[in-house]
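Each chain, written out:
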Amino acid sequence: MATIRLQQEDFDAAAETAALTRGRTDIGALVTFTGICRGGDSGERIAAMTLEHYPGMAEAEIARHVAEAESRWPLAGVTVIHRYGRLVPGGNIVLVVTAAKHRGDAFAAAEFLMDYLKTRAPFWKQEERAGATAWVAATEADDAAAERWVAQPASRDAAE
Amino acid sequence: MRILYFAWVRERIGKTEEAIEPPAGVATVGDLMAWLAERGEEYAYAFEHPNTIRAAIDQKHVRPDAAIAGAREIAFFPPMTGG
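If you read the protein sequences in the order shown, they are chains A and B. Residues in the first sequence are numbered from 1 upward in steps of one, following our numbering. Residues in the second sequence are numbered from 1 upward in steps of one, following our numbering.
Derived from the structure by calculation, the hints contain no laboratory data. Any given hint might turn out to be false.
Coverage of chain A stretches by chain B, computed from C-beta distances (three or more under 8 Å per stretch; other residues unrestricted) [to be verified]:
hint: 1; region: 47-55
hint: 2; region: 82-94
hint: 3; region: 118-128
hint: 4; region: 133-139
Computed from the model, here is a short list of chain A residues facing chain B with C-beta under 10 Å [stated by the list, open to error]:
hint: 5; residue: Ala60
hint: 6; residue: Glu61
hint: 7; residue: Arg64
hint: 8; residue: Ala76
Idealized CB from N, CA, C, for every residue including glycine.
Only chain A is shown next, with the shape it has when bound in the complex (with noise of 0.2 Å):
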């Protein structure tokens, strides 16, 4: 019942919500990411990012964490829209939607799936400022977020 799209055009995290919950009555939960370009931080601004992908891996790679999320947590949906090609800041990157009974599950997984998103699944982005571009460097702190999740027993688990 997941939905997985890769795609250039912009996504409408509203109306993939409403795709997901209609003429649902088993969700009580409902966690909604979108992991958006942001126009710089520090210095020069960004022009645009440029989001190169692995064709094929990219599709199979976030199908094997949701299929990990669903074993890992009672889910009732789940959504995850990635996009590539150039966007401009202030334009979505990404949408993770769980729905789950209680929020619990629906939080986890989200964070769970964005955490292997960032270190998994085989995208790269390259930022442009000013007419020169720059590969994007791979942090430590999004490796650490998606390790924990391997020390971590779903909360279902621990709970029994």
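Position chain B relative to chain A; hints supplied.
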């Protein structure tokens, strides 16, 4: 086998993909990187720090000690920065 390059690995080598047949002694992903690095200065530049390069065999992440026998598609790329 088909070899794919992404992001700055692709830029340094100057191609997105190529078909190669490495010699029999090239058994692992790490061996393949070392062998590719000998193919010219653009390859040597791309693979100058092999521990910073990630690899996938048939669209699944693998470590440098993974065997390449039977692989249809091997990709090399920098650490990922999606999301």
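Coverage of the region 133-139 of chain A by chain B, judged on three or more residues with CB within 8 Å: holds (count 4)
Would you check whether alanine 76(A) satisfies its interface hint, that is, whether its CB is within less than 10 Å of any CB in chain B? violated (23 Å)
Arginine 64(A) as chain B interface residue, shortest Cβ-Cβ below 10 Å: Where the cut-off is 10 Å and the nearest Cβ of chain B is about 8 Å from arginine 64(A), the hint holds.
Examine the region 47-55 of chain A for residues whose CB is less than 8 Å from any CB of chain B, and state whether their number is three or more. holds (count 4)
How does the coverage statement for the region 118-128 of chain A fare against chain B, requiring three or more residues with Cβ below 8 Å from a Cβ of that chain? holds (count 9)
Holds or violated: glutamate 61(A) as interface residue toward chain B, Cβ cutoff 10 Å? Because about 8 Å separates glutamate 61(A) from the closest Cβ in chain B, which is inside the 10 Å limit, the hint holds.
Count residues of the region 82-94 of chain A with a Cβ under 8 Å from any Cβ of chain B, then say if the count reaches three. holds (count 3)
Mind checking the CB of alanine 60(A) against every CB in chain B and telling me if the closest is under 10 Å? holds (5 Å)
Of the numbered hints listed earlier, the single one contradicted by the structure is hint 8.
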